[in-house]
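Join the two chains, each given in its own frame, into one complex according to the hints.
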Amino acid sequence: MDVVQKLEILADAAKYDVACTSSGVDRAGKRGQLGAASSAGCCHSFTEDGRCVSLLKVLMTNVCEYDCAYCVNRRSNPDVQRTCFTPRELADLTIGLYRRNCIEGLFLSSGVIGSADGTTELMIRALSILREEHGFRGYIHAKAVPGTSFELVQQLGLLADRLSVNLELPSAQSLSLLCPDKTRQSVLGPMKRISESIAEDAESRSLARRRTTVYLSDARPRRAARAFAPAGQSTQMIVGATPETDWQILGLAASLYQKMQLKRVFFSAYLPVVEDARLPSSDHVQLDREHRLYQADWLLRFYGFNVEEIIDARNPDLATDVDPKANWALNHLDEFPVEVNTCPYETLLRVPGIGVRGAKLIVRARRQTTLGEGELRKLGIAFKRARYFITCNGAYLGRGVPFEKEALHARLSSRIDGGGHGRRADKVADGQLSLFSSVDAAGAPALDAAAALLPEAAPALEDGVAF
Amino acid sequence: MSAVEPQISTDLAYLYDGTPEGLLSAIFAAYARHEDPAEVTRADAYQPRLLQTAVTIPTDAAHAERVSAGIRKRLGSYAHRQVMKSTLSGRPDAGIALYRFVRFALDGVDRRDCASCRFAVDCARRTCKRQKMAAINDVTHPRVKPFFDAVRSVDNECEKIRQFARFQHLKEEGREVWFARVNPKDAVVPLVLGHFVERFNVQPFILYDEAHGVAGVWDGNRRYLVDADEGMLSLPPAGADEALMQDAWRTFYRVLSVEARYNPELRRKLMPKRFWKNLTELQPDVPGLRRS
Numbered sequence: 001m002d003v004v005q006k007l008e009i010l011a012d013a014a015k016y017d018v019a020c021t022s023s024g025v026d027r028a029g030k031r032g033q034l035g036a037a038s039s040a041g042c043c044h045s046f047t048e049d050g051r052c053v054s055l056l057k058v059l060m061t062n063v064c065e066y067d068c069a070y071c072v073n074r075r076s077n078p079d080v081q082r083t084c085f086t087p088r089e090l091a092d093l094t095i096g097l098y099r100r101n102c103i104e105g106l107f108l109s110s111g112v113i114g115s116a117d118g119t120t121e122l123m124i125r126a127l128s129i130l131r132e133e134h135g136f137r138g139y140i141h142a143k144a145v146p147g148t149s150f151e152l153v154q155q156l157g158l159l160a161d162r163l164s165v166n167l168e169l170p171s172a173q174s175l176s177l178l179c180p181d182k183t184r185q186s187v188l189g190p191m192k193r194i195s196e197s198i199a200e201d202a203e204s205r206s207l208a209r210r211r212t213t214v215y216l217s218d219a220r221p222r223r224a225a226r227a228f229a230p231a232g233q234s235t236q237m238i239v240g241a242t243p244e245t246d247w248q249i250l251g252l253a254a255s256l257y258q259k260m261q262l263k264r265v266f267f268s269a270y271l272p273v274v275e276d277a278r279l280p281s282s283d284h285v286q287l288d289r290e291h292r293l294y295q296a297d298w299l300l301r302f303y304g305f306n307v308e309e310i311i312d313a314r315n316p317d318l319a320t321d322v323d324p325k326a327n328w329a330l331n332h333l334d335e336f337p338v339e340v341n342t343c344p345y346e347t348l349l350r351v352p353g354i355g356v357r358g359a360k361l362i363v364r365a366r367r368q369t370t371l372g373e374g375e376l377r378k379l380g381i382a383f384k385r386a387r388y389f390i391t392c393n394g395a396y397l398g399r400g401v402p403f404e405k406e407a408l409h410a411r412l413s414s415r416i417d418g419g420g421h422g423r424r425a426d427k428v429a430d431g432q433l434s435l436f437s438s439v440d441a442a443g444a445p446a447l448d449a450a451a452a453l454l455p456e457a458a459p460a461l462e463d464g465v466a467f
Numbered sequence: 468m469s470a471v472e473p474q475i476s477t478d479l480a481y482l483y484d485g486t487p488e489g490l491l492s493a494i495f496a497a498y499a500r501h502e503d504p505a506e507v508t509r510a511d512a513y514q515p516r517l518l519q520t521a522v523t524i525p526t527d528a529a530h531a532e533r534v535s536a537g538i539r540k541r542l543g544s545y546a547h548r549q550v551m552k553s554t555l556s557g558r559p560d561a562g563i564a565l566y567r568f569v570r571f572a573l574d575g576v577d578r579r580d581c582a583s584c585r586f587a588v589d590c591a592r593r594t595c596k597r598q599k600m601a602a603i604n605d606v607t608h609p610r611v612k613p614f615f616d617a618v619r620s621v622d623n624e625c626e627k628i629r630q631f632a633r634f635q636h637l638k639e640e641g642r643e644v645w646f647a648r649v650n651p652k653d654a655v656v657p658l659v660l661g662h663f664v665e666r667f668n669v670q671p672f673i674l675y676d677e678a679h680g681v682a683g684v685w686d687g688n689r690r691y692l693v694d695a696d697e698g699m700l701s702l703p704p705a706g707a708d709e710a711l712m713q714d715a716w717r718t719f720y721r722v723l724s725v726e727a728r729y730n731p732e733l734r735r736k737l738m739p740k741r742f743w744k745n746l747t748e749l750q751p752d753v754p755g756l757r758r759s
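Protein chains in written order, with my numbering: chain A, 1 to 467; chain B, 468 to 759.
Excised from the complex, chain B in its bound form (with noise of 0.2 Å):
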């Protein structure tokens, strides 16, 4: 495919679904037709502009899984994963930074020069580590550079999640589930959902990302992705020890906060104030909650 020269055309843009699977689809028409989009983007974001034609490009499975396969294949495990991991950035350039260094970085490898290599005889010219890992280590370059912070801005808001789901007790005859809402800027509940199984194994839950309507199920044998709208959720009330749970985390919070020491622009920044709806900490103590 790479033989053709693929048409510049600055004048398109490719709408995807906003699913990593129809992201991957559009990277895949874009070699299947030989052109060169302008932009990748999701549909529901998509701003036209004068002159420019926009293609909606249908997501295909199995075009997906070609381009992963094709991935990993030539860019190595490493790259791969965090390929996967720009597909559920929530940035609106993820798809254009994704697709312009995919294309860097596959047209790095098939131009590979083992003329300097002192491996080239062994090796019989298949790609080598050092040559998978040139692009996504040429972290500077300006087709590399979109693609490494949308990664990096996945990975933090990984660890955000892991910070700050809180769980809820809910309990009635019958029904047990743990409970927690989320707002992630990208969809991360697929990359944090093991973290969670594995400390949480013992306790059926359901991390909720209300942003993006999707939930991470552990049943206490499996886990479940759902896409899940807020009406769809039916959830037991809570249980008899969330009211004081609650109550002693609060108060926790509360009294461990050193007054000499107030700094609440660090607290912003460490901990973005966009979090703060869904920490329990945070709320107010509801009065039917509280102790009696």
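Chain A on its own, in the form it takes in the complex (with noise of 0.2 Å):
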């Protein structure tokens, strides 16, 4: 089996990994080595959803101990060939599309071939010729195997930008559920260890920047020691394959966020890969509530937003006709509306229609001349929206419309843009939970189950993540 074909079964094999992104991390090139990576990322190609590719998405190997029920590489799975890569292949592959600019650097993931601390050898093998060898300085995103020894983990750390663990489901009760192999442990565990040692090292590294100390000169510590994981840790959940609601799944993102400074959380609408009697059969997927969730997800990470204020117990699941600004906006209506020429930036950002861009900008222009509608209009924030929210110099430019909850919600409501093609454009607007009424017999009564575990509200374990 040649690199191509290779190449394609194990890039096949780790689409579903929706995290594809080289930011977090600014190194210059240096000269007489290849790479540099900047914090803003880059994609280099967009796949017919629309999705964007920056990295070598791959696995290094699809051969899996495990045997986890929505995942296409599980053990039981008699339908997939199997094939691993070398490191010697990957790092050669990686380098020549990089030379080629299709990429930013190397995603690296893998199935558990032998044991993990084996399989977590392997990458470190792959990472070490691109680091060393070749003397890469392009972004490396590695993915620590759970159950690895935290040695190796260590040492992937230094060798990689970015590292995540994926939790895939987001809940304790459902992981057992699905993923026999792993435990709430297994997996919350490496996190926790790794954003501690990704403290450690950016505190020490401070330390030596500081230069409090008078180093003789032999004694002077080299500068040139990687740092661990420098652009942070990220993590991924699958939406959909189990009853959570969001609430549970934001205020899960939020407390990882908060306690484990992960840099981003994804979320992966469930996707039938594989057929299993655990998991919902219906052809529907989530993408409207994969949306609303990054929606909420940004307002978390930008925007200046509790968690407890866009979802609570009561309402457990996002609207998924507003947004969930609008529907903190229509929910807050005492707060509005706001003076665009004097209001802080904070307050600019909660008003619907009005982005980061579009704050930064009105705090911009509105050193030099008061903004009327006239100049709001030029902006570019989404006026059509923010007007109801806004007065500029004293005028109030949603006149026309009651300023109450539901003529507001009418003006705000909006279809999710999903294209004109494929599932999305002829799917049905129906409740986000009717998935769950459609399982087959077989299925009903694991998943009910799973739902009478969990518990009413999410209790903060002793690690202060709710999980």
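Wrong hints could be hidden among the right ones.
Computed cross-link-like contacts, PhoX-like style, restricted to lysine-lysine with a CA-CA straight-line distance of at most 20 Å [stated by the list, open to error]:
| id | chain 1 | residue 1 | chain 2 | residue 2 |
| --- | --- | --- | --- | --- |
| 1 | B | 540 | B | 652 |
| 2 | A | 378 | B | 612 |
| 3 | B | 612 | A | 360 |
Everything labelled a hint here was simulated from the structure, so no lab data went into it.
On a predicted model such as this, the values are computed, not experimentally measured, just so you know.
Okay, here's the thing in structure tokens:
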């Protein structure tokens, strides 16, 4: 089997991992070495589904000891051809594509071949060839295989820019139901230790930079030592395979951002790729739900929202017809309208129709001039939506529509644009949990059992992560 | 110069040769001739109007340098950088947008009012940063908005080239080069060359802008900007690994798409079709290039 055939199998097996970001680390180029990284990242291509291709996303191998129900590479799936890259093949392929400006770097994940430690050692070999032999300075995202000893994760983190441990399922019950070989501890344990190592490494590097000690020349620490996962860590959850609500999912994401200092939490709408009695067999992919979850995630990370403001236990699912920010604004009409010429940046961010870019432009422009309707329309904000929530120089611009929740709701609700093709175009707009009512008889008891196990209010556990 | 009130002449158009120096020379000419042209446009894109006099402004590197230095001194390095970017824009109205912005910004600096400024005592009425940035931050002003849009479109085009330039490994006896062909709307090669030199400093490469006939060249030690027509390129044939790598990249791109998420509108939005002709992954498999 040649490299291209292996690539075909191992890229196909890795494509359900949604993380494909090359962001979070700035590394300038160096004379004589290939590659550089910029913290904004760069998308080099877009596939037919509109998702970006930024990294060479492949598995080291799709041989796997584990038997996770949702995974195409599970041990008991006989339909998949199994193969494995050699470390050198993978390193050469990465360099070849990087030199052609096809990718920003490598995203390396793997099935578990033999043991978790053995698999990680293979990955470390590939990354060492890249970093040490080829002197590669591009971006590397590596996946910490569950069950790996921490010494190896340490080595991996020193070679990679970003590490990730996939949570996969948003509750311990679902995890034990669908991934019998994984436990809450085997996922959260490494994540916690990685976040501690990142913090420790960042702290010691910042101390070294301060140069508080006068070293003799031969005792001076070498500056070239690599940082431990300088672009932080991320994780991924599958949405829609198990009955957790949006409230539980977002609560978990928020606690991961706070307690584990994660850079990103990715959500992946469950796609039926393998048949299993424990899984919903519906063809309905919850892409709209995923979209709303990402909108809420953006509010958490860039808009200064708390998770309690976005969602609560009484309405545990995000509204499908309006986005989470508009939903928040509709429920807090007493805080509006705000005056765009004087209100603080943080308040501007809370106006539906004004994003980070728009808010920054408004702040920049209003230093020079008083913003009226004409000026505001030029700034490229979604004026059509924002007009109901702002005044411009004292004038309210949403006249004609009563300032009431129902009337404004009708103005703000909009269908999520999923394109005119594919399964999204002819989807039916049904409730989010209707998926589970269509589960066949064999699957139903197991799912009901899982639902019964879920706590009413997710309690905070000893490490602070409700899971 | 600005003491003399410029002649308001709506019937005057300045034509320049399409180069950044030409555009800056035209701005110089407007000040030197005490005129206020209604249009500043590339000679090849000019559409003559009734009763409008077209004046062809000769490109003068010294004049362009004076304008550039003056803008840097009086508007600051940030505005200067934006001005230089906008001179590379391919929009037909980029010339007049820049001219009107420069007039507006320099007039504003000249007429600055230090009465309300609490630092006025110390600064001895030198142009302070607040004054320098006043014009470029006034993004909704009709004199600034078109310029701001032109700069933003140049920035966006730079990002597109950083994303979508695809290099090919061309090699024969004694000659080796990595070659990328791009077709941006704006002549952004000088702006993005540094990005590619930084990451690909170990490989000599040519970034060829076929739309503007400009090539950015890195020979392993120095970078050059060369005016190059299609006919001037003499490139070695594809190297031995090129076919395999193109095949690998196409295969990877093909399998990566998830069928259930098919959304070609989104792809077209993020990766406009005008770039497709130079993208490896969107070319049909060339039989001669396929691995045996």
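Now for the hints, and whether the structure bears them out:
For the hint pairing residue 540 of chain B with residue 652 of chain B, the CA-to-CA distance comes to about 30 Å; that exceeds 20 Å, so the pair is violated. A distance of roughly 8 Å separates the Cα atoms of residue 378 of chain A and residue 612 of chain B; the hinted pair therefore holds under the 20 Å criterion. A threshold of 20 Å between alpha carbons decides the hint, and for residue 612 of chain B with residue 360 of chain A the separation of about 16 Å falls inside it, so the pair holds.
The earlier numbered hint that this structure contradicts is number 1, and it is the only one.
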